[in-house]
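Colleague: Spelled out from the first residue to the last, the chains are:
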Amino acid sequence: MAIEIKNVTYTYMKKTPYEKDALKNVSLTIDKGSFVAVAGHTGSGKSTLMQHLNGLLKPSDGQVVVDDIDINGKGSAVITAKRSVGMVFQYPEHQLFEETIFADIAFGPKNFGLDEAEITSRVQAAMEFVKLDYKKYKDMSPFALSGGQMRRVAIAGIIALQPRYLVLDEPTAGLDPQAKRDLLNNIRQLYDKGDTTVIMVSHNMDDIMGLAQRVIVLNNGEIAADGRPAEIFNKNAVLEQAGLRPPRLTQLLQKINDEVVPVKTNYTNVDAAAEAVSQAWHRRGKNA
Amino acid sequence: MLSDIMIGQFFPGESVLHRIDARAKILMLFALILSIFLCDSRADYALLIIFNIILMYISQIPIRMYMKSLKPMFWIVLFTFIVHLFSGEGPTLLKVWIFNITWSGLSQGIFITIRLLLLILMASILTFTTSPLVLTDALESLLKPFKKIGVPAHEISMMMTIALRFIPTLINETDKIIKAQKSRGADFTSGNIMTRLKCVMPILIPLFVSAFRRADELALAMESRCYHGGEGRTRMKQMHLTRLDGFVTGGFIVFLLVLIVLRLKGM
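Heads up: the sequence lines are chains A and B, in that order.
At position 27 of the first sequence the residue is numbered 27 (the UniProt record's numbering), and the sequence of numbers has no breaks.
At position 3 of the second sequence the residue is numbered 3 (the UniProt record's numbering), and the sequence of numbers has no breaks.
These aren't lab readings, by the way, just hints derived from the structure by calculation.
Only true hints are included.
Computed footprint of chain B on chain A, listed as stretches where at least three residues anywhere in the stretch have a Cβ under 8 Å from a Cβ of chain B:
(1) 51 to 63
(2) 77 to 89
(3) 94 to 105
(4) 154 to 164
Every beta carbon over 12 Å from chain A, so not counted as near; a handful from chain B, in silico:
(5) 16
(6) 49
(7) 54
(8) 83
(9) 110
(10) 148
(11) 222
(12) 228
(13) 240
(14) 263
Straight-line distance between alpha carbons at most 20 Å, and here's what the computed SDA-like set of lysine to any residue pairs gives:
(15) B:179 with A:169
(16) B:68 with A:19
(17) B:182 with A:77
(18) A:32 with A:196
(19) A:14 with A:62
(20) A:110 with B:182
(21) A:24 with A:72
(22) B:179 with A:98
(23) B:198 with A:111
Model, not experiment: these values are computed from the prediction.
All residues carry an ideal CB built from backbone N, CA and C; glycine is no exception.
Chain A with its partners taken away, still in its complex shape:
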């Protein structure tokens, strides 16, 4: 069970002077149960790639296979496969439209043809998940909320679909630090429950650190690097070429390693890194 992207090429504005390859022969397998981060700067093709995962964009060339079903094929299995991929767009709060928060979150489940009782319980669970009090908020207009709260409603709208694969495109863009931390914690909790594979697009390595088990770096429509975070974060040259920087923790460790004492730079946890630095410091003291 996995999402397999096989030799996918996607060309924008085909056959016009503006023609551009957004993805160039990309192949990738996202295993079920993993937490994958996709990083790249603006225009690297990450959003385009994400939109292939539930069939919103059809590859100009190549195949996208979700749980052994080619999602650009035909038949009812295809719809089920597409629906198993939930998609949270950039600035998802811009898609809210209903009169009440309840109705907006229920929009997706309703379209999926679920019955009333199931819809209510799913909306309740989704609101609880994003920490919005059900009784207090369900009858409020989504447009009366703050930006951060609106985003939580929009994300709840996707959570209520109970996707097996959850794709988040820059979920923390434009949020204040507190809202950002809350949202990332939420995503982690969802992942830890174990039924959801999470694919998160971000150009912020600090967000990715400590969450993802695998980082894929896109540059110019091609995969520039793919591996474990600790490994990717230390590929400074590759990251720089892709318009990215290592997380601040890695930058700090690299600087300590280069200029103060030798220390491993592949920590993704602040406490472990601090411990390692302090040990290295003490060792230096003894040797001197």
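On the provided structure of chain A, position chain B as indicated by the hints.
Modeller: Frame of chain A; chain B shown alone:
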């Protein structure tokens, strides 16, 4: 899907048509449109079609793009053709149920179709070869003399500039919202008219919300840069008439004269 819309589409290039002054282009287009409505003989039409094809060739824009610009008008053109087909007088050529198709109807229909197609193509030649910004600047410059009789030339062109500027933005936005709602299981392609109309709401409401937000932000941004209308405003790109403009306009006037002579001879 939405990116197929060709309205106001501009294709950068270096052709003669790209280089001549936009004001001259607008006036020539205007004269051409008038001449389309003046012609009524086969020779007139032949001349206009040939002229049009030459212009399209000079523009160095793939013919496919012109065909694409005709596509959204297909049904309107077809409808007009059919209306004319059945409304002619004279001896009957073919009888369909209670309708008569006559020779005059048929030729009327064909002529009208050619007229419409020429109109669209000529407008496309203008918009394909002129960037929207230059176009609105030219319009403002042309409307300036009418300021004295109260035509708000600057405001009109500013409004057009803003509108044109936001077409791609709104198309992108619509595209994104459609995709977002599709991801939530919305289906825009099946069901009867009522259910389809209902399906539009999840797109329209977010679109309106964002359009108003953008308008608000733009107004603030303009105000904070001291925008106060057209009075005393200067331009970064001044428009100058060149020798090329003289040449092209001269050639164009010759063409119009030929058309007028043809027409007078025909009378």
